[in-house]
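Protein chains in written order, with our numbering: chain R, 244 to 704; chain F, 535 to 751.
Heads up, some of the hints might be wrong.
With a cut-off of at most 25 Å between alpha-carbon atoms, the simulated SDA-like pairs for lysine to any residue come out as follows [said to hold, decoys possible]: (1) R:Lys441 <-> F:Ala536; (2) R:Lys441 <-> F:Val550; (3) F:Lys541 <-> R:Leu445; (4) F:Lys541 <-> R:Trp383; (5) R:Lys443 <-> F:Ile546; (6) F:Lys690 <-> R:Asn393; (7) F:Lys541 <-> R:Ile428; (8) F:Lys541 <-> R:Thr433; (9) F:Lys541 <-> R:Trp461; (10) F:Lys654 <-> R:Gln394; (11) R:Lys443 <-> F:Arg545; (12) F:Lys541 <-> R:Arg437; (13) R:Lys441 <-> F:Phe539; (14) R:Lys441 <-> F:Pro540; (15) F:Lys541 <-> R:Ala438; (16) F:Lys541 <-> R:Gln350; (17) F:Lys654 <-> R:Trp383; (18) F:Lys690 <-> R:Lys528; (19) F:Lys654 <-> R:Asn393; (20) F:Lys541 <-> R:Ile446; (21) F:Lys654 <-> F:Pro722; (22) R:Lys441 <-> F:Ile546; (23) R:Lys443 <-> F:Pro547; (24) R:Lys441 <-> F:Arg545; (25) R:Lys443 <-> F:Val550; (26) F:Lys541 <-> R:His463; (27) F:Lys541 <-> R:Gln394; (28) F:Lys541 <-> R:Asn458; (29) R:Lys528 <-> R:Gln350; (30) F:Lys541 <-> R:Pro392; (31) R:Lys443 <-> F:Phe539.
Hints listed in this document are in silico derivations from the structure and should not be mistaken for laboratory results.
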Amino acid sequence: MSTTEYIIGSGEPPLVTGNHTFASVTEHICGIPEGKQPTWWYLAFGGALSLLMVLAGSIGYLIWEGTGIWGLNNPVGWGWAIINFVWWVGIGHAGTLISAILFLLRQRWRTSINRFAEAMTLFAVMCALIFPAIHVGRIWVVYWMFPLPNQMSMWPNFRSPLLWDVFAVSTYFTASLLFWFTGLIPDLATFRDRARTKIKRLIFGFLALGWRGGNRQWRHYELAYLLLAGISTPLVLSVHSVVSTDFAISIIPGWHTTIFPPYFVAGAIFSGFAMVVTLSIIARKLYHLEDFITLNHLEKMNKIMLLTGMMVGYAYSMEFFIAWYSGNIYEQFAFINRATGPYAWAYWIMISCNVLVPQLFWFKNLRRSIPVMFIASILINVGMWFERFVIVVSSLANDFLPSSWDYYSPTIWDILTFIGSFGLFFTLFLLFIRFLPIIAMAEVKGVMPQAKVEHTEVAHE
Amino acid sequence: MAQIFPKWTNRIPTFVAIGTVLIVVSATAFVWYYFSPWYTDVGYAPVQPVPYSHKLHAGDLGIDCRYCHYSVEQSRHANVPPTQVCMNCHKLILPESQKLLPVRESFANNIPIKWTRVHKVGEYAYFDHSAHLRAGVGCVECHGRVDQMDVVHQVKPLSMSWCLDCHRNPDMYLRPTIEVTNMEYVVPPRVEQLKFAEDFRRAHDINPPEDCSACHR
Numbered sequence: 244m245s246t247t248e249y250i251i252g253s254g255e256p257p258l259v260t261g262n263h264t265f266a267s268v269t270e271h272i273c274g275i276p277e278g279k280q281p282t283w284w285y286l287a288f289g290g291a292l293s294l295l296m297v298l299a300g301s302i303g304y305l306i307w308e309g310t311g312i313w314g315l316n317n318p319v320g321w322g323w324a325i326i327n328f329v330w331w332v333g334i335g336h337a338g339t340l341i342s343a344i345l346f347l348l349r350q351r352w353r354t355s356i357n358r359f360a361e362a363m364t365l366f367a368v369m370c371a372l373i374f375p376a377i378h379v380g381r382i383w384v385v386y387w388m389f390p391l392p393n394q395m396s397m398w399p400n401f402r403s404p405l406l407w408d409v410f411a412v413s414t415y416f417t418a419s420l421l422f423w424f425t426g427l428i429p430d431l432a433t434f435r436d437r438a439r440t441k442i443k444r445l446i447f448g449f450l451a452l453g454w455r456g457g458n459r460q461w462r463h464y465e466l467a468y469l470l471l472a473g474i475s476t477p478l479v480l481s482v483h484s485v486v487s488t489d490f491a492i493s494i495i496p497g498w499h500t501t502i503f504p505p506y507f508v509a510g511a512i513f514s515g516f517a518m519v520v521t522l523s524i525i526a527r528k529l530y531h532l533e534d535f536i537t538l539n540h541l542e543k544m545n546k547i548m549l550l551t552g553m554m555v556g557y558a559y560s561m562e563f564f565i566a567w568y569s570g571n572i573y574e575q576f577a578f579i580n581r582a583t584g585p586y587a588w589a590y591w592i593m594i595s596c597n598v599l600v601p602q603l604f605w606f607k608n609l610r611r612s613i614p615v616m617f618i619a620s621i622l623i624n625v626g627m628w629f630e631r632f633v634i635v636v637s638s639l640a641n642d643f644l645p646s647s648w649d650y651y652s653p654t655i656w657d658i659l660t661f662i663g664s665f666g667l668f669f670t671l672f673l674l675f676i677r678f679l680p681i682i683a684m685a686e687v688k689g690v691m692p693q694a695k696v697e698h699t700e701v702a703h704e
Numbered sequence: 535m536a537q538i539f540p541k542w543t544n545r546i547p548t549f550v551a552i553g554t555v556l557i558v559v560s561a562t563a564f565v566w567y568y569f570s571p572w573y574t575d576v577g578y579a580p581v582q583p584v585p586y587s588h589k590l591h592a593g594d595l596g597i598d599c600r601y602c603h604y605s606v607e608q609s610r611h612a613n614v615p616p617t618q619v620c621m622n623c624h625k626l627i628l629p630e631s632q633k634l635l636p637v638r639e640s641f642a643n644n645i646p647i648k649w650t651r652v653h654k655v656g657e658y659a660y661f662d663h664s665a666h667l668r669a670g671v672g673c674v675e676c677h678g679r680v681d682q683m684d685v686v687h688q689v690k691p692l693s694m695s696w697c698l699d700c701h702r703n704p705d706m707y708l709r710p711t712i713e714v715t716n717m718e719y720v721v722p723p724r725v726e727q728l729k730f731a732e733d734f735r736r737a738h739d740i741n742p743p744e745d746c747s748a749c750h751r
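With the rest of the complex left out, here is chain R (with noise of 0.2 Å):
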C-alpha cells in the first residue's frame, strides 16, 4: 500500500479507499437516488409493499376482533407485541451509538455507516413504536397514555414504568430524527445543486434549509451537530434502560433484577449493531460501496458485537449466580426453569446465537469473511428477539401460582403482525435509498486523505 492510503500520521488504515477524489464521492453517492433503480430494487420494494399489506391488515383484524387474536392467555398477558417491541427499540440503538457517542469519541470510521444507521434506528423504532400502540386493545383510546387535559380527569400514573417507556421512546425517535436530519443538511443542499427538475429543485431546496456552505454556516452547523450529539448521548443509554423497567419494577421472579438496564444496553447495541452489518453488507454490495464501507469498518463493528455479545453472556451467567446466591428458591426455579424447562429450547438457541456465534470474531480472518459476518449477524438478531422472549415468556408462563401455568404458543396474528413489520422496515428503508443519500457524503469527505490540507505534499506524491 502506498502512503496515500494511509491517514498520514494516525498509522489507521484509510476509511475511504479507491482513490477517490471529492468529485467522485458525490458522483457515487449521488448516482444512486439520481440514476435508474436496479431491477431488485423493485422486486425488493414490491415485496417489502407486500409486507406492509399483511402488516395492515394484521392491524385491522386485530382492532376489528381484540387481543383475543393473539396467542395470549391467563399467566402469558404479554406476549410477541412486547418481545417485538423490544427487539425493535432495540435494533434502533445502533444509529444513535454510532452517530453521537461515536462522533463525541473522535472515531472517524463512522462517517461511512452513521447515515443509513441512523435511517435505520428511525424505521426500527417506528416498527416498535406499532407495538405498544395495538397492543392496548381499544387503540381508539390510545392516547390515554398521554398526559392529555380530559373531561374524564384521567391522568396518565407517572409511577408506572410503561409510561417512562412512553416518553423516553418518543423523546428518543424526536432526538434522533432531528440529529439525522442536521446530519443530512449539506448532502441535501448538494441533491438540490445537482437536482434536474423544478420539483426535486423545491423539494430538496426547502430540507435544505438555505444551506450554502459558507464558512459562518459551517461552524454553526458543527457547534449544532456537537450539541445534538451531546444530548442524544444520554438517550442512547437511557432509553433501554427505561424499557428494561417494564420488568424489573415488577417483581416476576426472572424479570426483577438491577443487572437489568445495562444488560438490556448491552443487548440493544448487540443487536443494533448486527443489523447494521446486515444491512450494510447488502448496500455495499449492491451499490458498489467497498471504498467507503471498507472490511474494516465491518471488522470494526465485528469486534463491537464482540464485545457486546460477552456483555450479555455475561449478564446471562450474572443472573444464574444472583439467582444462587440470593438463596431465593422461586428466583432459583425462574432461572432453572429457563434453561430446562418448557422453554428450554428458546434459551438454548438465544445462548448459541448470542453467546457462541460472536466467538467467532475472535478470529481475524472470520472478523474479515464476509459470509461469515453475514450469517453471524443474523443470527445475533435471532438470538436476541429469542432473548426477549426467554424473558417474557418463561417468567410469566411459570410465575408463582402453579395451578394456573400455561404454555405460551402464538397465533398466526401474532407472526403475521411481526413478520409484517418488516415489511414497513423495508419498505421505508428501500424508500430511503431511493430517494436520500446512504452516505453521508460531506462527512467522508472530511476524513479522506485530501481533506488534510497540511499533507498535501505528501498526499500527492
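Got chain R sorted already, so can you dock chain F onto it with the hints?
Chain F in isolation, oriented as in the chain R frame:
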C-alpha cells in the same frame, strides 16, 4: 445559480409560526369546549310524551321528589313513576284534561308511558342514588333546580371529571340527610359548612372513593 424560491417565501416561516400558534390554541379551545359534555350534554331537554311540568308539581305545588321517585332512597335507580302514581291524584284532579289523555290511556290499557330519559350516565359507570342520598348529597347538586323547570333539562355535564370534583372535595356539597330533597336549601358560609361536613362525614363514615373500580365495576 438562480434562486429556487421567490423572495416572498422568506415570510413563510413567520406565517407558519403564527399560524401554528393560532391553530393549536384555537383547536385546543375548540376541543376543550365543544367536545366536552358541558357543550354536548348540558341543556339536553327532550320532548316528553306528556307535557308534564316539574315547575308546577314540585315547585308551585311543593310535592316532595320522593312522592313520585320513591325508590331513590332504597335503590340505585330513582324510578320514573308508573302511571298509577299520576292517577293517584289525576283521578280526581283535571280528570277531563286533554293534556292528560295519554296518561288515562296508559292507565286504562295498562301500557306504560314512554318517558324519555334525560340524565344519562354511561353503562360502564356504576351510580347509586341511595348511597348519595345517605351521604347527604342533595338532588339539586346534580339535577339543578328541577322545581323551576317546565321541561326538565340537564344542568350538569355528568362527566367523569365532574363526578371526581365532588368525590375529591365533597365538603361544600353535603347537607343534613333530612334536607336532601329541599330545592331551596342554602349552604351555610364556608367555615360553618366545613365544620358541619367534618362532623357529618365522621358520623356517617363518608369517604367518597376515587379508585377506578368504585364506578367501573
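Now the hints, each set against the structure:
1. The suggested pairing of Lys441 of chain R with Ala536 of chain F holds, with an alpha-carbon distance near 12 Å, which does not exceed 25 Å.
2. Using a Cα cut-off of 25 Å, the hinted pair Lys441 of chain R and Val550 of chain F holds, with the two alpha carbons roughly 23 Å apart.
3. A C-alpha spacing of about 14 Å is found between Lys541 of chain F and Leu445 of chain R, which places the hinted pair at or below 25 Å, so the restraint holds.
4. Of the supplied pair hints, the one linking Lys541 of chain F and Trp383 of chain R is violated, its CA atoms being roughly 44 Å apart against a limit of 25 Å.
5. The suggested pairing of Lys443 of chain R with Ile546 of chain F holds, with an alpha-carbon distance near 19 Å, which does not exceed 25 Å.
6. For a cut-off of 25 Å, the pair hint linking Lys690 of chain F to Asn393 of chain R stands: about 16 Å separates their Cα positions.
7. For the hint linking Lys541 of chain F to Ile428 of chain R, the alpha-carbon distance of about 21 Å falls within 25 Å, and the restraint holds.
8. This hinted pair checks out: Lys541 of chain F and Thr433 of chain R have alpha carbons roughly 22 Å apart, not beyond 25 Å.
9. For the hint pairing Lys541 of chain F with Trp461 of chain R, the CA-to-CA distance comes to about 24 Å; that is within 25 Å, so the pair holds.
10. With a C-alpha separation of about 16 Å, the suggested pair Lys654 of chain F and Gln394 of chain R falls inside the 25 Å cut-off, and the hint holds.
11. Pair hint Lys443 of chain R plus Arg545 of chain F holds up; C-alpha atoms about 22 Å apart against a cutoff of 25 Å.
12. Under the criterion of a C-alpha separation no larger than 25 Å, the hint pairing Lys541 of chain F with Arg437 of chain R is consistent with the structure, at around 22 Å.
13. Between Lys441 of chain R and Phe539 of chain F, the direct Cα distance comes to roughly 11 Å. Compliance with the 25 Å bound is thereby established for this hinted pair.
14. Annotation: proposed proximity of Lys441 of chain R to Pro540 of chain F holds, straight-line Cα distance about 13 Å (limit 25 Å).
15. With a C-alpha separation of about 20 Å, the suggested pair Lys541 of chain F and Ala438 of chain R falls inside the 25 Å cut-off, and the hint holds.
16. For the suggested pair Lys541 of chain F and Gln350 of chain R, the alpha carbons sit about 42 Å apart, so the restraint of at most 25 Å is broken.
17. Taking the CA atoms of Lys654 of chain F and Trp383 of chain R, the gap is about 22 Å. The hint holds against a cut of 25 Å.
18. For a cut-off of 25 Å, the pair hint linking Lys690 of chain F to Lys528 of chain R is broken: about 69 Å separates their Cα positions.
19. A distance of roughly 19 Å separates the Cα atoms of Lys654 of chain F and Asn393 of chain R; the hinted pair therefore holds under the 25 Å criterion.
20. In summary, the hint linking Lys541 of chain F to Ile446 of chain R is supported, as the alpha carbons are separated by about 17 Å, within the 25 Å threshold.
21. With a C-alpha separation of about 31 Å, the suggested pair Lys654 of chain F and Pro722 of chain F falls outside the 25 Å cut-off, and the hint is violated.
22. In summary, the hint linking Lys441 of chain R to Ile546 of chain F is supported, as the alpha carbons are separated by about 19 Å, within the 25 Å threshold.
23. Distance hint between Lys443 of chain R and Pro547 of chain F is fulfilled; the C-alpha atoms sit about 21 Å from each other, no more than 25 Å.
24. A C-alpha spacing of about 21 Å is found between Lys441 of chain R and Arg545 of chain F, which places the hinted pair at or below 25 Å, so the restraint holds.
25. Straight-line distance between C-alpha atoms of Lys443 of chain R and Val550 of chain F comes to about 22 Å, which keeps the hinted pair within the 25 Å bound.
26. About 24 Å separates the Cα atoms of Lys541 of chain F and His463 of chain R, which keeps this hinted pair within 25 Å; it holds.
27. Distance hint between Lys541 of chain F and Gln394 of chain R is unfulfilled; the C-alpha atoms sit about 46 Å from each other, more than 25 Å.
28. Using a Cα cut-off of 25 Å, the hinted pair Lys541 of chain F and Asn458 of chain R holds, with the two alpha carbons roughly 24 Å apart.
29. Proposed proximity of Lys528 of chain R and Gln350 of chain R is supported: the alpha carbons are some 24 Å apart, at most 25 Å.
30. About 42 Å separates the Cα atoms of Lys541 of chain F and Pro392 of chain R, which puts this hinted pair outside 25 Å; it is violated.
31. For a cut-off of 25 Å, the pair hint linking Lys443 of chain R to Phe539 of chain F stands: about 13 Å separates their Cα positions.
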